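Trainee: If you read the protein sequences in the order shown, they are chains A and B.
Sequential numbering from 1 applies to the first sequence in the numbering used here.
Sequential numbering from 1 applies to the second sequence in the numbering used here.
Simulated from the structure, these hints should not be mistaken for laboratory data.
For clarity, every value in this text was computed on a predicted model and none was experimentally measured.
Straight-line alpha carbon distances no greater than 30 Å define the calculated DSBU-like cross-link-like pairs of lysine-lysine that follow:
hint: 1; chain 1: B; residue 1: K96; chain 2: B; residue 2: K7
hint: 2; chain 1: B; residue 1: K174; chain 2: B; residue 2: K76
hint: 3; chain 1: B; residue 1: K91; chain 2: A; residue 2: K116
hint: 4; chain 1: A; residue 1: K124; chain 2: B; residue 2: K36
To give an idea of the chain A side of the interface with chain B (calculated C-beta under 8 Å), a few residues:
hint: 5; residue: I118
hint: 6; residue: W246
hint: 7; residue: W250
hint: 8; residue: I251
No residue lacks a Cβ here, since even glycine has one placed at the ideal position from N, Cα and C.
Each chain, written out:
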Amino acid sequence: MNNKKLGLSAFENYSDIEKQFQNLGNSLLEKQSTELATQLQVFQNALINYSKEHHKEIVENPKFRSEFSKICSSFGVNPLVGNSSNNEELSNIVVKNDEFYFELAIKIIETCNETKNINGGIIKMKELKKLLNLSYNMNSLMPLNFKISESDIIKSIGCLKTLGDELKIIQIGSKNYIKVIPQALNKDENLILETCNFIGGYVSVALLRDNFQWEYIRCKSILDDMVSNGLLWIDEQGEDGEILYWEPSWIHGK
Amino acid sequence: MNEKEFKFPSIYEFPPFFTKQPNLSTYNSQLSIWCKLILEYCKFYKIWQLNIEGKVISINDESDETIGLSLPTKIKENSIFENKSINRRLKPDFIKDIISELQRQQHLEFIDNTTNQQQFYIFWYTVEEWSSLILQWIENTGQQGTVLTLFELRNSPLSSNQEFHNMDHGVLIKVLNKLVEKKRATIMKDEQNQIVGVKII
Numbered sequence: 001m002n003n004k005k006l007g008l009s010a011f012e013n014y015s016d017i018e019k020q021f022q023n024l025g026n027s028l029l030e031k032q033s034t035e036l037a038t039q040l041q042v043f044q045n046a047l048i049n050y051s052k053e054h055h056k057e058i059v060e061n062p063k064f065r066s067e068f069s070k071i072c073s074s075f076g077v078n079p080l081v082g083n084s085s086n087n088e089e090l091s092n093i094v095v096k097n098d099e100f101y102f103e104l105a106i107k108i109i110e111t112c113n114e115t116k117n118i119n120g121g122i123i124k125m126k127e128l129k130k131l132l133n134l135s136y137n138m139n140s141l142m143p144l145n146f147k148i149s150e151s152d153i154i155k156s157i158g159c160l161k162t163l164g165d166e167l168k169i170i171q172i173g174s175k176n177y178i179k180v181i182p183q184a185l186n187k188d189e190n191l192i193l194e195t196c197n198f199i200g201g202y203v204s205v206a207l208l209r210d211n212f213q214w215e216y217i218r219c220k221s222i223l224d225d226m227v228s229n230g231l232l233w234i235d236e237q238g239e240d241g242e243i244l245y246w247e248p249s250w251i252h253g254k
Numbered sequence: 001m002n003e004k005e006f007k008f009p010s011i012y013e014f015p016p017f018f019t020k021q022p023n024l025s026t027y028n029s030q031l032s033i034w035c036k037l038i039l040e041y042c043k044f045y046k047i048w049q050l051n052i053e054g055k056v057i058s059i060n061d062e063s064d065e066t067i068g069l070s071l072p073t074k075i076k077e078n079s080i081f082e083n084k085s086i087n088r089r090l091k092p093d094f095i096k097d098i099i100s101e102l103q104r105q106q107h108l109e110f111i112d113n114t115t116n117q118q119q120f121y122i123f124w125y126t127v128e129e130w131s132s133l134i135l136q137w138i139e140n141t142g143q144q145g146t147v148l149t150l151f152e153l154r155n156s157p158l159s160s161n162q163e164f165h166n167m168d169h170g171v172l173i174k175v176l177n178k179l180v181e182k183k184r185a186t187i188m189k190d191e192q193n194q195i196v197g198v199k200i201i
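Bound conformation, chain A alone (with noise of 0.2 Å):
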């Protein structure tokens, strides 16, 4: 079969050569996605069966985990993706292992320096919490819906206890704060904190008075203390033209 053409019509054959060439490069190409695909998806059940059949031995041994924790990464493949029952587990297993704990440890470290100068050093766990996930939600290596939970923080804080307790976990009434200052803080400054928590961020003095019948000249000058330890803001607009003393923690709303 000779349907080649001569003289000025070969050129609108070349136009249909390429068309033709174009549709079977693309449907090779479109093949050959299909197939790595399919590749991917057995490779990544395979992983997720493995992770469930050697359960036991990615949790004992820690340098079995990490190279487990490896492969994943590094063949870009999520386990997580479409293993919703145990989710958190797996999680746990491959995300969270010993070198997890102390890269948190520089992140919590790191978060309540920057908010040192707003909150005087103390911050909600609460507040942490929500900040670092924000900061590990940015980094896209981390598996979807990933969350640090606060005893992954506890844990991690306990890492760092041979460093002293300058970063510590302290509880005032019935919330957990998380310290970065050397000192510790007395009664009279835990009870002033719990009971801003208790009221609605702040206290006056007039408050304390009444409640812990407190003289004045104690609760003024422990709250001015207060204040230039950067542990309380002032706010000099009350309705009654008495100065409130606000705990920085409601900045981030009740």
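Place chain B on chain A using the hints.
Mentor: Relative to chain A, chain B alone:
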């Protein structure tokens, strides 16, 4: 969330934010949060001029009509220095501190520096940054050496996706003067000594 409304940071609802903090390091953070907030607010609403009370200066100049019009009335009437929902406002001495800090960062300049320091330009980009933005646009669109009227720079559809679109007249003049200073522009004036056109190289 309505995207047409500026979302204030949560500290704007915190009453002590409106009182000058006696603790110096607390105060420095407070001051820098205020400066950042004002610049972001002005950038969001494309506000070019504010007065000392924190209100947007309404512009009556005919050629500038497009600028004020798009702002919601609420924004035109409210002061950034006052949060009515918690009944707190900044005192004049604190406002002065914020103004001089913004001045130091080259993000603010009084409109009339000699007699009354009541109104000021807010440069959410500094004049320097603005001049490079315009220069970049000129280069990207191949308009080096073309004579452009000020209207063309500010209002033409060509620049409608640029951040300097509808730029305040006074700010534009400052930016152009900066470009002249850098020897990147020549300015053309009419008989009244008003700038009418510019050639950027």
